[in-house]
Amino acid sequence: MIETQGAGMRRRVSFRTRVLTPYAMLAPGIVLFVAFMAAPIVYTVILSLQKRTVTGLGLGANSHKTVFAGFSNYVASFTDPELLGSVLRVLLYGVILIPTMLGLALLFALLLDSRRTRAGGFSRTAIFLPYAVPAVISSLLWGFLYLPDVSPFYDLADALGINAPELLSPSLVTFAIANIALWGGVGFNMIVMYTSLKAVPSEIYEAAKLDGCSEVQIAWRIKIPIIAPALVMTALFSMIATLQVFAEPTTLRPLSNSLSTSWSPLMLVYRDAFTRNDIYSAAATSVVIALGTFIISFLFLRVVQKRAFGQED
Amino acid sequence: MSATTTEVTPGTGRGAASAQKMKRERPKDSAMHEKPSIVSSGILILGAIYCLFPVLWVIMASTKDGSELFSTLTLAPSTHLWSNIVELTQYRDGLFWRWMLNTALYAGVGAIVSTWVSALSGYVLAKFDFPGKGTVFKILLMGVLVPGVILAIPQYFLFAQVGLTNTYWSVLLPQIISPYGIYLARIYAAAAVPNDVIEAARTEGAREMYIFNRIAMPMMAPGLVTIFLFQFVAVWNNFMLPYIMLGNDHLFPITVGLNGLLNQGASAPAMYTLVITGALLSIIPLVILFLVLQRYWRVDLAAGAVKA
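Heads up: the protein sequence lines correspond to chains A and B, in order. In my numbering, each residue carries its 1-based index in the first sequence increased by 9. In my numbering, each residue carries its 1-based index in the second sequence increased by 172.
Calculated from the structure, these hints are not laboratory results. The beta carbon of each residue, even a glycine, is placed where N, CA and C say it ideally should be. Incorrect hints may appear among the rest.
From chain B, some residues computed to sit far from chain A (all C-beta separations above 12 Å) [unchecked claim]:
# : residue
1 : 270
2 : 280
3 : 339
4 : 368
5 : 390
6 : 397
So the derived label-pair ranges between C-beta atoms look like this [as the list claims (entries may be wrong)]:
# : chain 1 : residue 1 : chain 2 : residue 2 : range
7 : B       : 266       : A       : 73        : 42 to 48 Å
8 : B       : 304       : A       : 74        : 39 to 45 Å
9 : A       : 219       : B       : 211       : 23 to 29 Å
Work out the full structure, taking the sequences as your base and the hints as a guide.
Here it is as structure tokens:
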């Protein structure tokens with residue numbers, strides 16, 4: 010009798026536990042996700058399919074109407090030479106930045122992991138430190154270091170009699186921005202790789218060492234393949250961040266004439282939305298950038314999945 | 173999309189799980205002592221110099237007055253640091269310090285609330301079985317790949333609809349949801365909170381939220397520090413959202429404020445001294461906080477689930 014009652018109560022409790030309780034507890038997350046991620050995405054897509062038309066002379070309250078525009082904003086985005094230019098600039102920026110940043114991060118992580126390295130603690134802290142500096146502040150610091158009037162680099166070049174190139178000139182500004190992002194990002198990526206290197210049991214290395222492998226061979230043949238998943242993740246996050254570059258060029262603009270208001274795709278979106286008040290084109294361009302990001306992430310994961318993960322399965 | 177998410181999961185999952193084993197498997201000091209390598213230490217120290225150089229420069233530059241900045245060797249210190257700080261403090265009745273407080277509010281409060289929401293969601297996704305769980309998790313995971321910066325402009329228009337732009341809320345609220353934080357919290361909850369403990373607490377009649385707040389959260393604590401740090405840095409770094417949302421410069425975080433000062437400097441170079449001093453003062457608390465928290469960062473990623 011008592012047992013049956015207990016079982017009945019338990020079933021009732023477990024029904025609540027199974028359905029209502031988890032959803033109630035997930036509610037804050039779900040509500041925030043819908044309000045601040047899903048809704049803005051849906052809203053952007055809706056805006057991107059609309060345009061504003063002017064009727065009559067364009068005067069008076071009712072003269073502007075928002076109408077369905079089909080894909081015309083997208084056609085305009087795809088054929089916009091400014092968007093193409095900004096995408097190409099950012100691709101060049103990514104090609105300069107990502108291999109350099111991840112290559113150095115990997116090198117530093119391997120050196121930190123090597124038992125023959127000294128001063129590891131100091132270097133690790135120093136290299137990771139710029140991660141704590143926001144992109145605006147780091148762009149500010151480097152921006153001044155690029156200015157011939159205040160930069161010690163130019164003092165040094167003068168002293169050596171070298172005619173130093175103008176770092177904020179149109180031909181070099183992409184490198185200048187990539188250097189800022191490199192400075193801010195190399196330490197974080199190093200820590201991610203170092204953490205996953207430390208997770209590898211050291212017996213593996215000792216066995217390889219007994220077989221006569223040198224440190225460099227161990228790094229190439231054992232360590233790098235083992236931390237491949239970490240390398241893939243850092244590469245993916247770096248690519249996503251690259252396509253969104255905004256703070257660095259925006260901060261450098263007052264210091265350089267080489268940066269247009271459409272230097273990067275997001276600067277272009279910002280200009281369309283707030284300077285030109287054309288939120289419909291801005292929305293279409295945002296969707297194009299977001300889709301581009303997805304496609305690149307997806308293709309990248311497909312390609313590396315075969316190389317990096319395929320061997321293990 | 174689904175292929176993408178399945179690829180992300182095993183990679184990081186395995187990394188995190190094996191990271192947790194590290195302490196046990198890798199003795200701190202191995203018997204093998206090898207001779208130090210000058211080359212490898214040298215490369216690391218070069219990297220350290222590169223990373224410290226701009227910091228050294230800003231310390232030196234903030235000791236100069238407006239004319240010295242352009243005339244003297246930039247790495248030679250001068251004596252005007254205090255007067256620069258006083259001048260910056262007087263700038264529009266201490267607006268600079270208001271920006272610092274705003275930044276602390278956005279990043280501090282934002283990251284604490286975000287960590288709690290992530291922990292709760294991750295815990296439920298790890299420890300409850302309910303219909304639709306897989307779908308909810310997959311949709312949240314897709315959010316990891318949506319760049320937050322792209323959301324800033326539509327978020328502005330949505331906030332404008334309800335008249336909330338140019339308020340503290342417009343910068344705080346959008347940054348509470350963190351799909352990556354939820355994803356990490358799910359891993360930590362699965363590893364750190366034993367099912368028996370939850371069952372035992374339920375048998376004793378504890379409410380679910382009590383179990384989460386008082387029993388599960390403390391067990392997940394080391395992992396939650398990581399989530400907090402990620403979110404804190406993300407908010408602190410986010411320039412575009414406040415740049416778009418805020419018009420009133422009394423609500424600015426330090427990044428937007430200094431960016432505005434630099435813009436004025438383009439026409440009045442005397443402003444450069446203020447910008448440089450401001451940059452130095454704004455990174456001091458960051459660097460201190462960071463040096464303190466770095467220990468957690470390391471202990472955490474490596475040892476987070478030794479408890480589990």
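Exercise. So which hints don't hold here, by number, going up?
Worked result: The structure breaks none of the hints.
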